[in-house]
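K.L.:
Chains as they are written, first to last, in our numbering: chain A, 3 to 108; chain B, 1111 to 1233.
Be aware that one or more of the hints could be misleading.
Selected chain A positions facing chain B (in silico; Cβ < 10 angstroms) [said to hold, decoys possible]:
hint : residue
1    : Gln57
2    : Pro61
3    : Phe64
4    : Gly102
I should point out that these hints are in silico values taken from the structure, not numbers from a laboratory. Quantities reported herein were computed from a predicted structural model and do not represent experimental measurements. No residue lacks a Cβ here, since even glycine has one placed at the ideal position from N, Cα and C.
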Amino acid sequence: DIQMTQSPSSLSASVGDRVTITCRASQGISNYLAWYQQKPGKVPKLLIYAASTLQSGVPSRFSGSGSGTDFTLTISSLQPEDVATYYCQKYNSAPRFGPGTKVDIK
Amino acid sequence: EVQLVESGGGLVQPGGSLRLSCAASGFTFSSYEMNWVRQAPGKGLEWVSYISSSGSTIYYADSVKGRFTISRDNAKNSLYLQMNSLRAEDTAVYYCARDLPIAVAAPDAFDIWGQGTMVTVSS
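Pulled out of the complex, with its shape left as it was, chain A reads as follows (with noise of 0.2 angstroms):
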């Protein structure tokens, strides 16, 4: 089975800070990755498909890229609203999210 890593499993940032998340796959997905968010007692929210296709209505300062076994997530302007737990997902075949990376303000 294909295992999903992420890296921080937290971190804390300051408004406008530029912030990156990093997902690994134990073998390579090409570019079957997704990045959900998910605020505290909410609903997972896609952000990204496919390794770096931003979702209809997500703010452009989310962004996504990697091909293969190494992805990341880049929030270049982050916001209050941008605190929340992210995951990536393999998706394609035996669907799998990464353990999650949680954002707060500093």
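Assemble chain B onto chain A, guided by the hints.
P.N.:
Frame of chain A, contents of chain B only:
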């Protein structure tokens, strides 16, 4: 408005059964592949099961294979999850989630999620 509404959760004893339902509205349900995803209290997300638009292709996570059964009724715009032989570790919020319409007969990213229904397995 595109919407998914889960129901059927509750408290059940270990070894018991429960059937979850997900009512879809605001889109052509029969054209979309669907999934169940769960989240244990305070934990991360775990994909549970996938069903193609026609119901002909089905996948399960190893953790539920042989115990859970996914199905759908396109005439009723509904998705189901029959859960048997429930264990304490099945305790979670269960979400139904719609697949992006990209690949056929293979799970994609999930673009629409329901609000979830809580399942508690305890004696």
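K.L.:
Decide, hint by hint, whether the structure agrees.
P.N.:
For each hint, the structure was consulted:
1. Among the interface hints, the one on glutamine 57 (chain A) holds; its C-beta lies about 7 angstroms from the nearest C-beta in chain B, closer than the 10 angstroms criterion.
2. Taking 10 angstroms as the C-beta contact cut-off toward chain B, the hint placing proline 61 (chain A) at the interface is violated, the least distance being around 16 angstroms.
3. This hint is violated: phenylalanine 64 (chain A) has a C-beta 14 angstroms from the nearest C-beta of chain B, more than the 10 angstroms allowed.
4. Hint status for glycine 102 (chain A): holds, given a least beta-carbon distance of 5 angstroms to chain B, under 10 angstroms.
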